[in-house]
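> Let's have the full structure, built from the sequences with the hints guiding it.
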Amino acid sequence: MLAAIGAPADLMEWAYRCGLEEIEHTRICFALAAGYGGRSHSVKPMPDLLLCGLDMEGDPVVTLATESLKDGCQLEEFNADVAFACEAVCKEPATRFVLEQIAREERGHAAFSWAVLEYLYERNPEKVRPAIETSLREIDSYRRPTAFSWEKKRLVEKADPELMLKHGRLPDEEWAKMWDARLIQTKTRLQAMLNEKRAA
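Going by the numbering used here, the letters in the sequence shown line up with residues 431 to 630, in that order.
The set of hints was computed from the structure by calculation and includes no laboratory data. We put the CB at the ideal spot given by N, CA and C, even for glycine. Hints are all accurate, no fakes.
When the alpha-carbon atoms are kept at most 30 Å apart in a straight line, the in silico BS3-like pairs for lysine-lysine are as follows: (1) LYS607 to LYS500; (2) LYS588 to LYS474; (3) LYS521 to LYS596; (4) LYS474 to LYS583; (5) LYS627 to LYS557; (6) LYS500 to LYS557; (7) LYS500 to LYS474; (8) LYS588 to LYS521; (9) LYS582 to LYS596; (10) LYS607 to LYS521; (11) LYS583 to LYS596; (12) LYS557 to LYS617; (13) LYS582 to LYS474; (14) LYS500 to LYS582; (15) LYS607 to LYS583; (16) LYS582 to LYS521; (17) LYS627 to LYS500; (18) LYS474 to LYS596; (19) LYS607 to LYS582; (20) LYS596 to LYS607; (21) LYS627 to LYS617; (22) LYS607 to LYS588; (23) LYS500 to LYS583; (24) LYS617 to LYS500; (25) LYS607 to LYS617; (26) LYS521 to LYS583.
Here are the in silico distance ranges between beta carbons for each label pair: (27) GLY465 to LEU595: 15 to 21 Å; (28) ILE614 to THR564: 16 to 22 Å; (29) VAL586 to ALA518: 16 to 22 Å; (30) ASP501 to ALA433: 17 to 23 Å; (31) PRO477 to GLU552: 32 to 38 Å.
As structure tokens, then:
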């Protein structure tokens, strides 16, 4: 989509690097899972991905701004927050190494999303400002990622909390606190962006 709107080469290259890093995150997480579970894992089909993108309706600038804000500025920052917090309590060297890498690179992905949003706003303020204002009104209703899936809830509840921490697994209550804190930071930064452009 960046190419479709004529984004500069540096953003295109940055997007490519982020994509490669996400693939690497998948590989190293599967490797960790194999080490813990004693069997290999691989990516399963994700047919829902076919439901968007190729036949996208609406203005691509608005769509890209909204998705960058939601999935990047908020979610990638949160992912980095969680990974850094998990790394801080993790005592298992291999897992801690993976968490540090993911935390650092997810923070970079968030920086990329903010850069995309800034670029779009500079180029198309009349389209992007309303998109940001709408997102600010809706951001508190964004669905929060959880520390474990619903079907794993009972299994996780039976686990030793100290061992979970040792291996870098924080309870969902901590995830909720970090999500709320990140929402505040995201909203503050977005409002500052709007105020700065309005003053200019």
